[in-house]
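Engineer: The residues making up each chain are set out below.
4 protein chains.
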Amino acid sequence: MYSFDFQKRVRYGETDQMGFVYYGNYAQYYEIGRVEMLRSLGMTYKYMEEELGIMMPVVSMQVRYLRPATYDQLITIRTTLRELPDTKITFHMELFNEEGKLLNAGQVALKFLDPKTGKTVPTPPELLNKLAPYFETT
Amino acid sequence: MYSFDFQKRVRYGETDQMGFVYYGNYAQYYEIGRVEMLRSLGMTYKYMEEELGIMMPVVSMQVRYLRPATYDQLITIRTTLRELPDTKITFHMELFNEEGKLLNAGQVALKFLDPKTGKTVPTPPELLNKLAPYFETT
Amino acid sequence: MYSFDFQKRVRYGETDQMGFVYYGNYAQYYEIGRVEMLRSLGMTYKYMEEELGIMMPVVSMQVRYLRPATYDQLITIRTTLRELPDTKITFHMELFNEEGKLLNAGQVALKFLDPKTGKTVPTPPELLNKLAPYFETT
Amino acid sequence: MYSFDFQKRVRYGETDQMGFVYYGNYAQYYEIGRVEMLRSLGMTYKYMEEELGIMMPVVSMQVRYLRPATYDQLITIRTTLRELPDTKITFHMELFNEEGKLLNAGQVALKFLDPKTGKTVPTPPELLNKLAPYFETT
Chain A
344 MYSFDFQKRV
354 RYGETDQMGF
364 VYYGNYAQYY
374 EIGRVEMLRS
384 LGMTYKYMEE
394 ELGIMMPVVS
404 MQVRYLRPAT
414 YDQLITIRTT
424 LRELPDTKIT
434 FHMELFNEEG
444 KLLNAGQVAL
454 KFLDPKTGKT
464 VPTPPELLNK
474 LAPYFETT
Chain B
344 MYSFDFQKRV
354 RYGETDQMGF
364 VYYGNYAQYY
374 EIGRVEMLRS
384 LGMTYKYMEE
394 ELGIMMPVVS
404 MQVRYLRPAT
414 YDQLITIRTT
424 LRELPDTKIT
434 FHMELFNEEG
444 KLLNAGQVAL
454 KFLDPKTGKT
464 VPTPPELLNK
474 LAPYFETT
Chain C
344 MYSFDFQKRV
354 RYGETDQMGF
364 VYYGNYAQYY
374 EIGRVEMLRS
384 LGMTYKYMEE
394 ELGIMMPVVS
404 MQVRYLRPAT
414 YDQLITIRTT
424 LRELPDTKIT
434 FHMELFNEEG
444 KLLNAGQVAL
454 KFLDPKTGKT
464 VPTPPELLNK
474 LAPYFETT
Chain D
344 MYSFDFQKRV
354 RYGETDQMGF
364 VYYGNYAQYY
374 EIGRVEMLRS
384 LGMTYKYMEE
394 ELGIMMPVVS
404 MQVRYLRPAT
414 YDQLITIRTT
424 LRELPDTKIT
434 FHMELFNEEG
444 KLLNAGQVAL
454 KFLDPKTGKT
464 VPTPPELLNK
474 LAPYFETT
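Chains as they are written, first to last, in the working numbering: chain A, 344 to 481; chain B, 344 to 481; chain C, 344 to 481; chain D, 344 to 481.
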């Protein structure tokens with residue numbers, strides 16, 4: 344298992360007239376979470392796209408909204424990998440407010456795609472190598 | 344059952360550098376779908392908020408992404424109610440491109456909330472009355 | 344001179360907690376205005392990008408915000424070309440609410456760019472031909 | 344004069360199919376710049392809204408786009424106040440990429456508004472006091 348926390352502040356443009364973060368904006372929070380989780384491992388999306396020639400389209404997302412996030416709060420985005428990816432990688436997401444209360448929880452699955460062939464491919468070995476130590480079994 | 348189709352064009356600002364609509368932007372398509380479905384019944388969100396004093400926060404969303412939507416396509420947003428709402432209303436969503444291919448499918452559940460008490464409330468009778476004819480059973 | 348009106352409804356996700364459309368979201372309204380203006384002439388951005396190999400990055404934008412737009416209003420986006428474009432095209436924008444009141448006014452200038460050379464190029468003749476009748480002088 | 348730098352990373356959802364940050368998304372960067380500039384002075388928008396009862400609608404924005412910002416770049420947002428605000432406050436904005444190149448420059452003017460009366464009001468004294476040391480003249 345590998346888990347990483349990253350913080351992001353709620354911006355005015357993300358709220359709606361209910362006074363809360365618009366439900367559709369959390370997808371961006373989830374993107375930030377998984378990108379920064381990868382960066383914490385020494386890997387970036389940008390590198391995977393530009394150097395490894397891999398794209399990662401999202402194949403599914405689920406979100407359960409429990410509490411609203413409000414303007415200017417510093418939100419903790421927790422991103423967890425529960426298992427090693429194969430042709431798909433699933434990020435488990437939890438957002439917490441400043442009091443540590445769970446705001447929403449979800450998961451986002453992406454596949455590894457070779458845009459030249461349009462085919463799904465296995466996890467790039469470079470990424471697997473960085474993840475392996477956290478999933479070592481005896 | 345009640346189903347309604349509405350069309351929306353893909354805008355440049357909705358695409359990302361993969362050349363497709365960003366996965367997070369479909370929540371706005373889903374919002375458009377359910378709002379226009381309600382309008383087709385003679386009911387608006389705005390009326391429910393301002394006149395009935397009801398807010399409708401989203402409690403969950405699921406999306407399966409099958410095909411990408413691309414710039415300038417005219418997308419058909421199909422919104423379906425499969426059952427009468429109670430304290431919660433669940434919209435089933437399907438997006439189709441101009442060739443009639445399914446782009447993604449999902450569902451969004453919202454609850455009816457009285458913002459004065461912070462309590463969940465039943466579906467406003469005015470909305471139920473408009474829906475009833477489509478769910479009449481013998 | 345050529346002017347074109349197009350309507351767009353204010354969506355929930357475009358409002359902020361002030362209860363108005365977020366100031367940053369009007370850029371998307373302006374995009375819609377100029378794209379639909381071009382379509383009304385029988386020309387599309389998509390065609391210019393894909394068939395003519397021209398990109399149109401924005402070089403400047405000015406906006407004066409006069410009145411707020413609110414949720415669910417049907418906004419009229421008026422896009423006006425005051426002069427024939429050369430290497431740059433300037434769209435004058437006016438947004439009106441349902442009562443015909445001016446909400447904001449602005450202008451957006453874009454240049455014609457050949458992405459292969461990175462150079463600015465003149466207005467594609469195909470577009471000029473469509474515009475010429477509206478700017479014919481004796 | 345008072346100037347403050349803040350950094351923000353370009354997110355995937357902010358790019359468009361041209362491969363650059365969508366021109367409309369910089370308004371959010373500008374919001375981040377001015378909010379963090381105020382915070383650096385010990386003042387927050389949230390406090391002004393909730394405690395001082397002041398709203399700050401944007402009255403105008405100008406942007407000149409010079410270079411594109413690309414995915415995953417760490418952008419420096421420089422926000423400068425050139426003069427003390429009165430009933431209006433004007434933020435001068437400059438965005439720089441990681442090489443220190445100017446991406447775009449603009450200015451955003453906001454007014455101080457009492458939402459109860461709908462009237463423009465002078466700069467809250469609490470904010471003026473925090474700014475005064477940077478504008479002291481002999």
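If you're looking for bench data, these hints aren't it; they were derived computationally from the structure. Check each hint, because a few of them may be wrong.
One copy or any two copies: either way a pair holds, since identical chains are not told apart in the list.
Stated by the list, open to error - List time: in silico DSS-like cross-link candidates among lysine-lysine, alpha-carbon distance up to 25 Å: (1) Lys444 to Lys454; (2) Lys431 to Lys473; (3) Lys462 to Lys351; (4) Lys444 to Lys431; (5) Lys389 to Lys351; (6) Lys389 to Lys459; (7) Lys462 to Lys431.
Engineer: Decide, hint by hint, whether the structure agrees.
Structural biologist: Hints, verified against the model:
When the C-alpha separation of Lys444 and Lys454 is checked against a cutoff of 25 Å, the pair qualifies only between copies, where the shortest distance is 21 Å, while the shortest distance within a copy is 31 Å. Taking CA atoms no more than 25 Å apart as the test, Lys431 paired with Lys473 passes inside one copy only; the shortest distance there is 16 Å, against 43 Å between copies. For a Cα distance limit of 25 Å, the shortest separation of Lys462 from Lys351 qualifies neither inside one copy, at 34 Å, nor across copies, at 29 Å. Taking CA atoms no more than 25 Å apart as the test, Lys444 paired with Lys431 passes between copies only; the shortest distance there is 23 Å, against 30 Å inside one copy.
For a Cα distance limit of 25 Å, the shortest separation of Lys389 from Lys351 qualifies both inside one copy, at 20 Å, and across copies, at 16 Å. With identical chains, the CA atoms of Lys389 and Lys459 are at most 25 Å apart both within one copy (17 Å) and between copies (22 Å). For a Cα distance limit of 25 Å, the shortest separation of Lys462 from Lys431 inside one copy, 12 Å, qualifies, whereas the shortest one across copies, 40 Å, does not.
Consistency with the previously given hints fails for number 3 only.
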